[in-house]
Amino acid sequence: MSPAPVIPTDSRTPHWRAWLLLAPMVAWLVLFVVVPTAILLVYSFCERDEVGRVLFSFTLENYRRVADPVYLRIFLRSIGYAGLTTIICIVVGYPVAYCIGRAREDWRQRLLLLVMVPFWTSFLIRTYAWITILKQEGLLNGFVQQLSPTAKPFDLLYTPTAVVIGLVYAYLPFMILPIYGSVEKLDGALIEAAHDLGAGPLRVFSSVIIPLTMPGIAAGTLLVFVPAVGMFAITDLMGGARVPLIGNVIQNQFLQARDWPFGAALGAVFMGLFALTYWIMLKLGAHSEDSVA
Amino acid sequence: MSTMVDLRAVTKRFGSFTAVNDVSLEIAEGEFLTLLGPSGCGKTTLLRLIAGFDTPTEGSVWIGGEDVTHLPPYRRPVNQVFQSYALFPHLTVAENVGFGLRMQHIDKTEAAARVTEALALVSLTGLDARKPHQLSGGQRQRVALARALVCRPKVLLLDEPLSALDAKLRRSMQLELKRLQRQLGITFVFVTHDQEEALTMSDRIAIVNGGRIEQLGTAHEIYHRPATRFAADFVGQANLLEAQLLLQDSECVRVAVTGGLELTLPLAAWPAGATVALIAMRPEKVHVSKSRSSTAFAPGAANIFQARIEEEIFQGATDHLILVTAAGTRLGVVVANESALGDIFHAGDLVYCGLHTDDLVVVKAE
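Protein sequence lines, in the order shown, are assigned to chains A and B. Heads up: the first sequence runs through residues 1 to 293, numbered per this note's numbering. Heads up: the second sequence runs through residues 1001 to 1366, numbered per this note's numbering.
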């Protein structure tokens, strides 16, 4: 046998032709991610004049204002809402994802389609649909009245509960899909092996199924938690702006208060928070990926 | 010896498909029993019924004198080595092996000692901290074995555990499994489609076909006295010949087989009252010589006939010959290449064949 030809490869530096293929994406990212982020960071150190124009001078005043307890509370509240949303999405979404992932192969695609159906309609229209369900003279109250006419109609719309319902509704598919991905990859023989070794259903779930689907849970958490923290449309529409979250505050700074530098500073802190979450999730995900590989 | 596993008239249907059809099987304590059959014959379903992953549609499963038909797998005193090994990818070797002990809430120090002991038993000492993906196929197989044995099951179930290994490793694992089974005295139920594996390791072999057990016996019985056409064909090679009764006396019958060759069988071997039957003839039991006077045809070799070699396939230790007898019957025979100086056979040669009457076996056609 003749020796195999030596092909010089270095996985870390792509060939120039690879860069050519990547060029459109790189250009897109630079134009619409890197440049806006840079502008945001620059603005966050600027001042504004009385009519809202950005004055290019250096100040840390905006960041000092971010540290104000009012905004800190809103930050914490946003994290709380997003965290609660994420937990509910895991609790509700996991069984759904598990059932779809373990269903017969020909059924999986159809069931997944059902999860995706809501995306066929505009997000705003779906949110308005929730308003008609939750409002005082809405479908839910109507239904309860039918069952027991003496029951007092309850106020659900424009409450924190409505916001969480809206958030869970909006982000549930983003939890189901990655968990489904992990569940589908799970080898059924592992579950049988655990049963065989004396593990009852609960032990199998906690010792085998959960650890092996952790990458899906981590990915789902990332996909739900991060956007839920910054969501402003649902809090506006379903919370009636009574429970402003950080997304609403930032939106206000840019559109109503016309204080772009302060909005930029809030956004920058917010982005730092995302990066931190992402890093933690990556660590968790990488840990379990390593063991699954 | 007492019965460890007892399948009583077990039937398992999946929809309209009958995977296991009215099987009764008793497996003795400390026995190495192999379920041998082609894929889809129901052998894996039988194993799953013993393990508890499937529940029989009819009949019952008894283990150690206890009816376990409706017991879930985690309450049965059996453990399984899976075909794919099914090692937990998120756990280390030691955690994998200790999994069953953890489920049984065995004291930590005792569990650790038993894990070490089990790993030593399968020669894997020192690999405790590895993850399954850092092991070779043979090592994974040993971890799976240790994980099942550490629980001290009454019955160890093995679902084609060697099929993913290369030929050489497979042979050494066959011997090692047999050694372990003797050493531990645990009942082994081994599923395979590989007849060589079955013959090498088993105390008894159950030939499974079409959801039924066609024959149950020792390797010797199965090989030398196959009961059915399927058993004769699936284990080893066999010339299967349709035989027509010609003559009958107080000791022997004379039959004509496909193609016209006439053979003599002991009367006892022939089904009473039958005029036709199917005969199985193992290819190595036909003695082939170039001269009629050869010592190959000792007394008892009542069947002596001439044939021409149609084809010769040299296989090292043996020669495979396709013979056509003067009457026109085609036979496959195997001769040992004992000496380079002995008879050397070539296509076209005229040879004499001798065959002992006892080496002809009547088998059921179905």
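Since the hints were derived computationally from the structure, they do not count as laboratory data. Warning: the hint list may mix true and false statements.
Computed footprint of chain B on chain A; a stretch qualifies when at least three of its residues, placed anywhere within it, have a C-beta under 8 Å from a C-beta of chain B [said to hold, decoys possible]:
1. 34-45
2. 199-209
Calculated cross-link-like contacts (lysine-lysine; reagent style DSS-like; alpha-carbon spacing at most 27 Å) [what the hints assert, rightly or not]:
3. B/Lys1364 x B/Lys1285
4. B/Lys1178 x B/Lys1108
5. A/Lys283 x B/Lys1131
6. A/Lys283 x A/Lys185
7. B/Lys1178 x B/Lys1154
8. A/Lys185 x B/Lys1178
We put the beta carbon where it would ideally sit given N, CA and C, even for glycine.
Hint by hint, here is what the structure shows:
With a cut-off of 8 Å between beta carbons, the stretch 34-45 of chain A has 0 residues touching chain B; three or more are needed, and the interface restraint is violated. A stretch counts as covered by a chain when three or more of its residues have a beta carbon under 8 Å from one of that chain; for the stretch 199-209 of chain A and chain B the count is 5, and the coverage holds. A distance of roughly 20 Å separates the Cα atoms of B/Lys1364 and B/Lys1285; the hinted pair therefore holds under the 27 Å criterion. This hinted pair does not check out: B/Lys1178 and B/Lys1108 have alpha carbons roughly 31 Å apart, beyond 27 Å.
A hinted pair counts as satisfied when its Cα atoms are at most 27 Å apart, and A/Lys283 with B/Lys1131 qualifies at roughly 19 Å. Taking the CA atoms of A/Lys283 and A/Lys185, the gap is about 21 Å. The hint holds against a cut of 27 Å. Between B/Lys1178 and B/Lys1154, the direct Cα distance comes to roughly 16 Å. Compliance with the 27 Å bound is thereby established for this hinted pair. A C-alpha spacing of about 35 Å is found between A/Lys185 and B/Lys1178, which places the hinted pair above 27 Å, so the restraint is violated.
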